[in-house]
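J.: Those protein sequence lines, which keep their order, are chains A and B. At position 89 of the first sequence (counting the first as 1) the number is 89 in the numbering used here, and the numbers step up by one without a gap. At position 259 of the second sequence (counting the first as 1) the number is 259 in the numbering used here, and the numbers step up by one without a gap.
Among the hints, a few may not be true.
[Claimed, not checked] Calculated lysine to aspartate or glutamate pairs in the EDC-like style (CA-CA distance at most 20 Å, straight line):
| # | chain 1 | residue 1 | chain 2 | residue 2 |
| --- | --- | --- | --- | --- |
| 1 | B | Lys79 | A | Glu115 |
| 2 | A | Lys35 | B | Asp78 |
| 3 | A | Lys72 | B | Glu293 |
| 4 | A | Lys35 | B | Glu293 |
| 5 | A | Lys35 | B | Asp66 |
| 6 | A | Lys10 | B | Asp176 |
| 7 | B | Lys223 | B | Asp237 |
| 8 | A | Lys10 | B | Glu293 |
Derived from the structure by calculation, the hints contain no laboratory data. The structure presented is a predicted model; accordingly, all values stated were derived computationally and were not measured.
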Amino acid sequence: MGHLTYQESKSLATKTIIILAVITISEVIFALYGKGHLLEGHSLPGWLIGGVMIAMSIVKAYLIIYEFMHMKYEVPGLVRTVILPTLLLVWAIIAFFWEGSTWQGRRDRIRNANEKEITTAKTGMVFEEYTKQNAF
Amino acid sequence: MATDTLEHDVHTDEKDGWDGAGQPFKASYGKLMMWYFLLSDAFTFSGFLIAYGAIRFSMPSWPVPDFVFQTFPFLGADKPLYFVTFMTFVLLFSSFTMVRAVQEGHQENKKGVVFWMLLTVIGGAGFLGCQAWEWNTLIQGEHMSVTINPFGTHTESGVYLSENGKPTDDTFQIGDSYLIHMNGASHGDDHATDDHGSDDHGAHAGHHYDGPGEYADASVDEKGYIHRKYKVTSGEDEGMVKSEAFGPNGFGALFFFITGFHGFHVLSGVIFLLIIMLNVMTGLYVERKNGYEMVEKIGLYWHFVDLVWVFVFLVFYLL
């Protein structure tokens with residue numbers, strides 16, 4: 001394809017798949033380490049785990065699109081018509097995640113307002129009758 | 001790039017699917033349209049994944065993936081993310097074999113194309129098999145459904161109650177995960193679901209109740225799910241007795257729908273790969289002399305399926 005010889009593109013594909021495999025393994029190790037599954041008592045803050053994981057996934061996406069799908073060797077016009085529209089997703093992600101957090105805030109407010117009338121809790125169903133019978 | 005242009009010009013007149021003389025973006029009609037189809041498909045998947053994110057953000061707690069996806073065939077539970085990592089590798093390497101098939105196509109090497117496409121088909125089918133096992137474990141072993149999510153997360157610390165209603169030494173902290181078992185479900189089979197919560201309620205797995213109703217240590221609902229009872233030991237509800245609630249309802253629907261939609265893409269990919277592989281074998285593309293362009297087009301689709309999995313893997317299993 002393009003200016004690469006057969007041998008060159010063959011070794012490039014091998015190199016790419018090795019990089020992809022290494023990134024995937026590091027992602028899993030990082031996720032398990034960050035959540036304290038590998039070493040007892042060792043964990044990392046959630047924003048760091050999330051940030052590193054998203055960055056690694058974007059690198060993987062770049063390698064798949066640009067090397068495996070040969071986007072690197074297409075003319076700039078084609079690249080732009082495919083890549084630029086996906087930038088709309090940046091706003092979609094910000095807007096909908098913001099919306100999601102708002103839903104949570106509203107749920108909390110409604111629950112707090114109702115708390116005096118209905119016996120509910122953060123999770124779990126309350127067994128008031130049961131509690132009365134078996135006072136600890 | 002210069003040689004590329006030349007190569008295309010030779011057969012612009014009939015082979016590339018465009019009516020006019022020139023080629024927009026120096027790509028054939030089929031390849032360009034495949035790119036735009038994939039772009040629209042990317043938006044569809046993004047819509048699903050963003051919906052997952054928005055619903056997850058709106059919930060006070062969410063099932064922890066390391067707890068939900070921790071079973072491995074023949075090895076049982078407590079293997080967080082091992083199996084899904086294996087699945088990811090199967091798909092990743094089938095993407096690599098696809099690249100090799102396309103490269104052999106440029107060499108007009110028929111045997112090479114068939115060989116690497118066959119490996120790709122095997123990889124795709126293997127991935128589907130893995131997904132079937134994973135779904136089966138969740139549905140049959142752990143009783144998750146589109147509307148019921150038995151994977152919950154504690155938002156308070158507490159201690160589980162014994163059969164006579166007294167606190168046991170079985171305690172849990174905020175953020176600990178639990179799985180709501182099914183009354184009368186067989187535990188200890190090779191699904192190893194009983195080990196699923198061995199750290200926090202293994203002793204309870206396999207406990208049988210006479211039927212739906214209230215018991216001192218649990219509440220069994222109409223469908224047979226056992227909601228274990230516990231005494232809260234932290235927060236404003238300290239001292240209250242509660243029973244484990246189901247996890248966020250949307251989880252099951254989102255999981256089955258999004259991984260199912262991806263799996264359906266893999267399935268159609270495998271079918272198209274098979275059809276095109278048969279066409280290669282019959283020598284159809286040798287006659288067309290266009291460097292097996294059809295293999296390139298299905299290759300684009302196949303890499304896209306792998307690309308989507310990168311993000312499904314990220315949001316469902318890693319974060």
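J.: Decide, hint by hint, whether the structure agrees.
T.: Comparing the hints with the structure gives:
1. Lys79/B - Glu115/A: Status violated; Cα separation ~40 Å.
2. Lys35/A - Asp78/B: Given pair lysine 35/A, aspartate 78/B holds - Cα atoms ~14 Å apart, limit 20 Å.
3. Lys72/A - Glu293/B: Judged against 20 Å, a Cα distance of about 18 Å means the pair holds.
4. Lys35/A - Glu293/B: violated, 46 Å
5. Lys35/A - Asp66/B: Answer holds: lysine 35/A to aspartate 66/B is near 9 Å, not above 20 Å.
6. Lys10/A - Asp176/B: violated, 48 Å
7. Lys223/B - Asp237/B: violated, 28 Å
8. Lys10/A - Glu293/B: holds, 18 Å
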